[in-house]
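Starting from the structure of chain A, add chain B where the hints point.
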Amino acid sequence: MSVTIYSIIAIAIAALCTFATRLVPFALFGGKKEVPQIVNYLGKVLPAAIIATLIIYCVRSVDFTSGYHGAAEISAILLTAVLHLWKSNTLISIGGGTIFYMFLIQCVFV
Amino acid sequence: MDKSAIKYAFNKTLPVLFGYLFLGSACGLLLYEAGYNFIWVFFISVFVYAGSGQMLLASLLAVQAPFATVAILTLLLNSRHMFYGLSFIERFKKAGKMYPYMIFSLTDETYSMLCSTTLSKTVDDGKIIKAIALLDHCYWIVGCVAGALLGQLLSFNFAGVDFAMTALFVVIFVEQWKSFKSHIPVYAGIICSVLCILVFGADNFILPSLILTVGSLIALRGFIEHGNTKREAVKVCQ
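Top to bottom, those sequences are chains A and B. For the first sequence, our numbering begins at 35 and goes up steadily by one. For the second sequence, our numbering begins at 320 and goes up steadily by one.
In isolation and in its complexed conformation, chain A is listed as follows (with noise of 0.2 angstroms):
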């Protein structure tokens, strides 16, 4: 398969997927059917575990035994994190975070 074909097919998923997670609440819950209490306790507790996965998603092919053992992604999202609490502006917290840790790994992790 060429990679214009496997790119298209693969947007084309995404799409529908993003659409699709988007479009339960409506398909189910439309008609006024009362919502189940499982739905409604996933709903609370998934994001926060599903988030706390993707950020080891992340930075699952950094080698945290040798080398630098992960110093430039440890302090950028350390730096990420402080930022957001202190000023919970998503702009300043990803922006900061970013560029210290692009800072890093291009002049002082090299």
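One thing to keep in mind: the hints can contain errors.
Stated by the list, open to error - Which bits of chain B does chain A cover? Going by a derived footprint, with three or more residues having C-beta under 8 angstroms, they are:
#1 332–344
#2 378–386
#3 394–404
#4 415–429
I should point out that these hints are in silico values taken from the structure, not numbers from a laboratory. In this text, a Cβ means the ideal position worked out from N, Cα and C, and glycines have one as well.
Coordinates of chain B only, in the frame set by chain A:
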């Protein structure tokens, strides 16, 4: 579309404008680095229209991940969106013909905008929610295309810009951490991930880990909800 509704929505969505121009550029840049120029990026941001979803897509496209992985990861990453709609089942009906579009365009930012927009006395709510959804989508497309063009035109060293995705998740994480009283779900997610990395390896851990997390959260339900109500009770007493 009504001018006053657009004006109202524009003033309201200014924070999203800046947020999306920035986040969109980061996303467009990531897609460009993964080998997709601004034309691709335009269509991706029109049809996929998800911040973290598109960043994840960039990393999946870069390694030509299997379709099943693309589908399952996108579904899981966006599973939080399943709960956004619950608040708007009635309100979206005011959008008339654009009802399906309102569902399609319900991103994190549009959700929070709509939550914070109370009924206006002067402008029709149906028109306002349509204008908010459309404007946010436009900001996102402009941001993403700008990012891809930036990557193409500037010969700046963008190594490490992919950290924007990690930073976005850290930001969402901090907000979740503050809003939910029990931190057991977070620990469950971390423990299951580490266990699954040890068992399945770093490249295959995410699916078993998420399944294990859902299972353990269902098993711990009584414990987590009990802990929450107990703390809430203490708060009320104080």
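- [ ] Take the segment 415–429 of chain B, compare each residue's beta carbon with every beta carbon of chain A, and decide whether three or more fall closer than 8 angstroms.
- [x] holds (count 3)
Task: Assertion that chain A covers the segment 332–344 of chain B - criterion: three or more residues, beta-carbon distance below 8 angstroms - done: holds (count 4)
Task: Coverage criterion applied to the segment 378–386 of chain B (partner chain A; beta-carbon cut 8 angstroms; 3 residues) - done: Since 5 is at least three, the answer is holds.
- [ ] Count residues of the segment 394–404 of chain B with a Cβ under 8 angstroms from any Cβ of chain A, then say if the count reaches three.
- [x] holds (count 11)
Checked against the numbered hints above, the structure violates none of them.
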